[in-house]
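**Q** Now for the letters of each chain:
There are 2 protein chains.
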Amino acid sequence: MRYELYYWPSIQGRGEFVRLALEDAGADYIDIARRPRGMAAMMRLMESTAQPPFAPPFLRAGTLLIGQSANILLYLGSRLGLAPKSEPGRLWLHQLQLTIADWVVEAHDVHHPIGSGLYYEQQKREAKRRAEDFRINRLPKFLDYFGALAAQKRRARISYVDLSLFQMIAGLRYAFPREMARLERRRAWAAALHDRIAARPRLAAYLASPRRIPFNESGIFRHYSELDR
Amino acid sequence: MRYELYYWPSIQGRGEFVRLALEDAGADYIDIARRPRGMAAMMRLMESTAQPPFAPPFLRAGTLLIGQSANILLYLGSRLGLAPKSEPGRLWLHQLQLTIADWVVEAHDVHHPIGSGLYYEQQKREAKRRAEDFRINRLPKFLDYFGALAAQKRRARISYVDLSLFQMIAGLRYAFPREMARLERRRAWAAALHDRIAARPRLAAYLASPRRIPFNESGIFRHYSELDR
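Chains as they are written, first to last, in the working numbering: chain Y, 122 to 350; chain L, 122 to 350.
These are computed hints drawn from the structure, not numbers from a lab. Incorrect hints may appear among the rest.
Which copy is meant is left open, so a pair is good if it fits within one copy or across any two.
[Unchecked claim] When the alpha-carbon atoms are kept at most 30 Å apart in a straight line, the in silico BS3-like pairs for lysine-lysine are as follows:
1) K245 - K262
2) K249 - K206
3) K249 - K262
4) K245 - K206
5) K245 - K274
Here the structure is a predicted model, which is why all the values come from computation and not from measurement.
Extracted from the complex, chain Y is given alone in its bound form (with noise of 0.2 Å):
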């Protein structure tokens, strides 16, 4: 099956978890956007459909048009031997990939507390405030969730929620170096499955490509430095 993904064609964004996991499986897929004509193909899609996304990401698998990037790796994660076949194991990857798009959601909305709509020049001093709050009380709170997962999962496979965690860390660190730096001190974890994920061969493969799009400051993960710690 050829894939065809749907997403903004300049960051990284909610698009690449989905990439992520497409890059890994070596699965057969266009970036539709990125290519001449793509973003009219994605808009027209939008419009055209009786089942209409209401943003990107979206994927189309056959005749399925599917939205919301963790319903997207629900769909793929068993098909691309990401995720199990069972159904309690699919239902708690997917759970652990919501969790993860909401601490997106909060991760995005540190440098756009008051709309997504305006510039971050706008809500600059709104923006100091509530990144103090997510580096100081979320922050925290995220990474030791997963951190505690990590601990007790050992050697278990790798599944599209690690991809996502990597993703995570990297954005992070993007985003905050010197938060980042303090916190993973003790949380050695965070070091290791990002290191572990990005030497998978064909994800180091993609990250040194130009497929990989370089985080930027149009993207979830932004780095102001009067945010960081």
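Keeping the supplied structure of chain Y fixed, place chain L upon it in accordance with the hints.
**A** Coordinates of chain L only, in the frame set by chain Y:
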């Protein structure tokens, strides 16, 4: 199967989306934390299980413990007759529920734009700005997305997504009575859907019972007059 629902006992919150499905289906369930010593049982379970949820609500179904409200509804949907059994149908409904979950976060963050651990009074000024953005830009966008789907759907079977949309409309009317009155003037589908769901016999009985916790200023939907139009 007797289900056990675990959620904070004094608010509707995210637990309500699950409650509405259980009530509408006439399912056998216990609302654990609302019983004597129920809160202690909930906290104990969160700390003792090998697969802990990040936060309530979660559902015990036999040996399964399922967290994240949309994930719980994914599990319950076809079992309660509130979702199709086919994979495409289930994925589509779940996609809509995840979009509602995003909407819930935004409805909540209106009064908590800086931090969920702070009081509203500590972020009133920021809340006012966020509320304006939410009412003007986000609320119509979400309403019109679901309105367009309602228009093409006509007499399809009721699903758990319809129950959740009822809850959104009821909650948003509570929080923003003036803005919703204005927005609903040209969106008749909202009242039609709300009333159609509220009139379902089991739900009507539930909504009139003490099991339905009233909206209040500790939940997701809060009425602060200064945040309304």
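**Q** Each hint: holds or not?
**A** Structure-based check of all given hints:
When the C-alpha separation of K245 and K262 is checked against a cutoff of 30 Å, the pair qualifies both within a copy, at 24 Å, and between copies, at 25 Å. In this assembly of identical chains, the alpha carbons of K249 and K206 never lie at most 30 Å apart, being 44 Å within a copy and 47 Å across copies at closest. Taking the shortest alpha-carbon separations for K249 and K262, both the intra-copy value of 19 Å and the inter-copy value of 28 Å come in at or below 30 Å. Taking the closest pair of Cα atoms, K245 and K206 never come within 30 Å of each other, the shortest separation being 45 Å inside a single copy and 47 Å across copies.
Taking the shortest alpha-carbon separations for K245 and K274, neither the intra-copy value of 40 Å nor the inter-copy value of 42 Å comes in at or below 30 Å.
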